[in-house]
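Following the hints, complete the assembly by docking chain B onto the known chain A.
Those sequence lines, one after another, are chains A and B. Remember, the numbering used here sits 156 above the position in the first sequence when you count from 1. Remember, the numbering used here sits 12 above the position in the second sequence when you count from 1.
What the hints contain is simulated information worked out from the structure, not anything from laboratory work. Just so you know, even glycine gets a beta-carbon here, dropped at the ideal spot from N, CA and C. Wrong hints could be hidden among the right ones.
Covered stretches of chain A (chain B as the covering partner; in silico rule of three or more C-beta atoms under 8 Å from a C-beta of chain B) [said to hold, decoys possible]:
| hint | stretch |
| --- | --- |
| 1 | 276-288 |
| 2 | 291-304 |
| 3 | 443-452 |
Label pairs and their calculated CB-CB ranges [as the list claims (entries may be wrong)]:
| hint | chain 1 | residue 1 | chain 2 | residue 2 | range |
| --- | --- | --- | --- | --- | --- |
| 4 | B | A66 | A | R217 | 54 to 62 Å |
| 5 | A | R313 | B | H209 | 33 to 41 Å |
| 6 | B | F238 | A | R273 | 51 to 59 Å |
| 7 | B | T65 | A | T205 | 44 to 52 Å |
| 8 | A | R273 | B | K290 | 30 to 38 Å |
Straight-line distance between alpha carbons at most 16 Å, and here's what the computed EDC-like set of lysine to aspartate or glutamate pairs gives [stated by the list, open to error]:
| hint | chain 1 | residue 1 | chain 2 | residue 2 |
| --- | --- | --- | --- | --- |
| 9 | B | K59 | A | D486 |
| 10 | A | K464 | A | D523 |
| 11 | B | K236 | B | D264 |
| 12 | A | K287 | B | D48 |
| 13 | B | K286 | A | E244 |
| 14 | B | K290 | A | E244 |
| 15 | A | K351 | A | D299 |
| 16 | A | K210 | A | E390 |
| 17 | A | K210 | A | E188 |
| 18 | A | K210 | A | E249 |
| 19 | B | K134 | A | E261 |
| 20 | A | K312 | A | E244 |
| 21 | B | K134 | B | D264 |
| 22 | B | K59 | A | D308 |
| 23 | A | K458 | A | D416 |
| 24 | A | K464 | A | E427 |
| 25 | A | K464 | A | D486 |
| 26 | A | K458 | A | E427 |
| 27 | B | K134 | A | E244 |
| 28 | A | K355 | A | E427 |
| 29 | A | K458 | A | E390 |
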Amino acid sequence: MSSSSDIAISVRGLGKAYTIAHTQAKHTTAAEALMSRLRRPLQRSETETFWALKDVSFDVRRGDVVGIIGRNGAGKSTLLKVLSRITEPTTGEIDLYGRVGSLLEVGTGFHPELTGRENIFLNGAILGMRKSEIQRQFDAIVDFAGVEQFLDTPVKRYSSGMYVRLAFAVAAHLRSEILVVDEVLAVGDAEFQKKCLGKMKDVASGGRTVLFVSHNLGAIRSLCRTALVVSNGELTLEADAEEACRTYLHEMQTTPQELDSPSVVRSGTGEMRLTGIQLLSQDAEVSQVSGGDDVVFAFAYKNSGTQKHAQLLLTCYDQQDTALFHLRRDIAAYAKEGEVGNGVVHCQIRRLPLNIGRYRLAVALQDPAGQNLDHVSNAFSFDVVSCHFYNNGQTPDPRYSPFLVEHQFTDGRNDSGSRK
Amino acid sequence: MSEATATIEHRTPHLTIRPSRGWSPINLRELWMFRDLLLVLAGRDVKLRYRQTALGAIWVILQPLMAAGIFAVVFGKVAKLPSDGVPYFLFAYAGQLGWGVFSGTLSKSSLSLVGNAHLVSKIYFPRLVLPLSTTLGVLLDFAVALGMMVVLMALYHVRPHAGLLLLPVWMVLILMLSLGLGLIAAALTVSYRDIQHILPVIIPFIMYASPVAYSMQAVPASLKPFFLVNPMSGLLEAFRWSLLGTGHLRPDFLGYSAAAAVLVFFFGAFSFRKMERKFADVI
Numbered sequence: 157m158s159s160s161s162d163i164a165i166s167v168r169g170l171g172k173a174y175t176i177a178h179t180q181a182k183h184t185t186a187a188e189a190l191m192s193r194l195r196r197p198l199q200r201s202e203t204e205t206f207w208a209l210k211d212v213s214f215d216v217r218r219g220d221v222v223g224i225i226g227r228n229g230a231g232k233s234t235l236l237k238v239l240s241r242i243t244e245p246t247t248g249e250i251d252l253y254g255r256v257g258s259l260l261e262v263g264t265g266f267h268p269e270l271t272g273r274e275n276i277f278l279n280g281a282i283l284g285m286r287k288s289e290i291q292r293q294f295d296a297i298v299d300f301a302g303v304e305q306f307l308d309t310p311v312k313r314y315s316s317g318m319y320v321r322l323a324f325a326v327a328a329h330l331r332s333e334i335l336v337v338d339e340v341l342a343v344g345d346a347e348f349q350k351k352c353l354g355k356m357k358d359v360a361s362g363g364r365t366v367l368f369v370s371h372n373l374g375a376i377r378s379l380c381r382t383a384l385v386v387s388n389g390e391l392t393l394e395a396d397a398e399e400a401c402r403t404y405l406h407e408m409q410t411t412p413q414e415l416d417s418p419s420v421v422r423s424g425t426g427e428m429r430l431t432g433i434q435l436l437s438q439d440a441e442v443s444q445v446s447g448g449d450d451v452v453f454a455f456a457y458k459n460s461g462t463q464k465h466a467q468l469l470l471t472c473y474d475q476q477d478t479a480l481f482h483l484r485r486d487i488a489a490y491a492k493e494g495e496v497g498n499g500v501v502h503c504q505i506r507r508l509p510l511n512i513g514r515y516r517l518a519v520a521l522q523d524p525a526g527q528n529l530d531h532v533s534n535a536f537s538f539d540v541v542s543c544h545f546y547n548n549g550q551t552p553d554p555r556y557s558p559f560l561v562e563h564q565f566t567d568g569r570n571d572s573g574s575r576k
Numbered sequence: 013m014s015e016a017t018a019t020i021e022h023r024t025p026h027l028t029i030r031p032s033r034g035w036s037p038i039n040l041r042e043l044w045m046f047r048d049l050l051l052v053l054a055g056r057d058v059k060l061r062y063r064q065t066a067l068g069a070i071w072v073i074l075q076p077l078m079a080a081g082i083f084a085v086v087f088g089k090v091a092k093l094p095s096d097g098v099p100y101f102l103f104a105y106a107g108q109l110g111w112g113v114f115s116g117t118l119s120k121s122s123l124s125l126v127g128n129a130h131l132v133s134k135i136y137f138p139r140l141v142l143p144l145s146t147t148l149g150v151l152l153d154f155a156v157a158l159g160m161m162v163v164l165m166a167l168y169h170v171r172p173h174a175g176l177l178l179l180p181v182w183m184v185l186i187l188m189l190s191l192g193l194g195l196i197a198a199a200l201t202v203s204y205r206d207i208q209h210i211l212p213v214i215i216p217f218i219m220y221a222s223p224v225a226y227s228m229q230a231v232p233a234s235l236k237p238f239f240l241v242n243p244m245s246g247l248l249e250a251f252r253w254s255l256l257g258t259g260h261l262r263p264d265f266l267g268y269s270a271a272a273a274v275l276v277f278f279f280g281a282f283s284f285r286k287m288e289r290k291f292a293d294v295i
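For reference, chain A alone in the conformation it holds in the complex:
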């Protein structure tokens, strides 16, 4: 390993396979597993192997800041999970030279009942900091988060902004040679995102090695020198950040998000199938939008049965799994016998009335009798990262205003009785 003195991360032939059990063969109770084993002692349950990562190899030099881009489900998060040792690779090898800190989420392990102070120590320890290390950085963390007065208040009484600020502050003071960061910037209001980005820049210029996954191409461009493009579990490009972003954008615009793969959990008869969903804003595919944007959801489907009519239903959920709105549309799904009929339905939403957060679409295709031809409950997710719905530069607290309402205040006089 003498030649590796300037290498921080070396990945060779990395692969990660997940076994997907088919619905009939999936046992969630011990009794079910036992019974089916007893009934068919020799039969292996029907499973399919899905490679979330295939033969990925790359090197990261010490002090480099490398972005990882790719659409939802391309394998970015799996790559980070393997790099941060949360899950083991199926094939290949990774050499890490230096202590690895991973931030796959802001505020991992935060407990609502504990105070700010207690959570700093809890979260720090979970991130792998020693107690002495946290004590040394304690003031800096509190200062960065701006929560001095609330240190001894349970964080359940914090505003969502304070909560996120405190969580990011702990993470930002993690002192490891290698830092693995996933989408941390997709939280908080625009101002705080800017602050986080600034902090990330400090980290990056401090000589530490950073792997940074984001949908925010602006952040990738400004933080990273080079970037990796991941697509369908494979590393398709390793280039300077600018070129990687261009390639990624091009790829996004030409191919819809894969919904036809065996890894997608779905139900229904299968006569019709959703094959892809795109979120478009100003005619370009995006995975994050702003509240108030005009957006279009494009649903591609394939009709391998003989259905002539069907309905497309979509339900939008927030992160707490609360249904926010439900839309449906009749589609004429022409397919002659023995032929496949394909089509696309567009759903335009003007001035998207959603506040900052992550949202999920459940999409179904139903025949006129109401039977599910295809149903994908986790069909698409997108982030609303900022909000210009109200045109006044302000974003209401998402806890009190999960969605946004067109409104007008006027000063009415109390005229009753006073009119002469």
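The following block gives chain B in isolation, referenced to the frame of chain A:
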């Protein structure tokens, strides 16, 4: 001297991640590196346990006292079982003290992985930290309840004897047995949540099959072999002997119990390590 510090500064830790096969050893050095996390998690559980209770930490003493009170009435007064010459309440409290370590460790460690699923799926740390941290909480409870034991012994004028010195040995064996079982249960619960429903039934069953509320003397000779299959029988008798001088130490039964405890512990720890690889994917 300056050379030595220089090499330390330049040495970056090197880690190779590759797919693992078969049985892997327990990485004690890594566990030691994560000792702060162990303490912080144990502290979190202790702090949270009695939030929003009126009596708070008093429950740590009240629970075994109430159990011992019930045992003293049911087994001592109603069934009139022998208690080897010690007041029945004290006798039952001592049994409950040892039993509390076993049942607390087993039930808490078995839930430690699914209860912290959000951590397991989002961050790396040696997974053994989770069940071990719950065990620390159980030990704290034990320490408090042991303090009450001292008070009770003083009240009943029972003098400690030299056997007390062996108490830590029984404690370690009880911990090994219960943690070994707890580790297996915790790892299995990740895939099969059934375990969390069956344990609350099995644990009281083991309690009645162990000399917690009664002494081995009260067990008919014909049934004794069945009782002694349970490794907790030997350990609890020894535990109570150390505190109160009741019963007799039987080296053969104790040897069996100790061997079973050590075996279960290592089997549990290694199965845990083997199943640990899938935790983040399945949980």
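Evaluated hints:
1. 276-288: holds (count 9)
2. 291-304: violated (count 0)
3. 443-452: violated (count 0)
4. A66/B / R217/A: 54 to 62 Å: holds, 60 Å
5. R313/A / H209/B: 33 to 41 Å: Since the Cβ atoms of R313/A and H209/B sit about 35 Å apart, the hinted range of 33 to 41 Å holds.
6. F238/B / R273/A: 51 to 59 Å: With a Cβ separation near 53 Å, F238/B and R273/A satisfy 51 to 59 Å, so the hint holds.
7. T65/B / T205/A: 44 to 52 Å: Holds, at about 49 Å.
8. R273/A / K290/B: 30 to 38 Å: With Cβ atoms ~36 Å apart, the hint holds.
9. K59/B / D486/A: Not satisfied, since the Cα-Cα distance of roughly 56 Å exceeds 16 Å.
10. K464/A / D523/A: holds, 9 Å
11. K236/B / D264/B: holds, 14 Å
12. K287/A / D48/B: holds, 6 Å
13. K286/B / E244/A: holds, 12 Å
14. K290/B / E244/A: Holds, at roughly 8 Å.
15. K351/A / D299/A: holds, 13 Å
16. K210/A / E390/A: Since the Cα atoms of K210/A and E390/A sit roughly 5 Å apart, the hinted pair holds (cutoff 16 Å).
17. K210/A / E188/A: Distance ~33 Å between K210/A and E188/A Cα, so the pair is violated.
18. K210/A / E249/A: holds, 12 Å
19. K134/B / E261/A: holds, 7 Å
20. K312/A / E244/A: Violated: K312/A and E244/A sit about 34 Å apart, past 16 Å.
21. K134/B / D264/B: violated, 48 Å
22. K59/B / D308/A: Roughly 14 Å separates the two Cα atoms, so the pair holds.
23. K458/A / D416/A: holds, 10 Å
24. K464/A / E427/A: Since the Cα atoms of K464/A and E427/A sit roughly 11 Å apart, the hinted pair holds (cutoff 16 Å).
25. K464/A / D486/A: holds, 11 Å
26. K458/A / E427/A: Holds, at roughly 9 Å.
27. K134/B / E244/A: Since the Cα atoms of K134/B and E244/A sit roughly 13 Å apart, the hinted pair holds (cutoff 16 Å).
28. K355/A / E427/A: violated, 51 Å
29. K458/A / E390/A: violated, 26 Å
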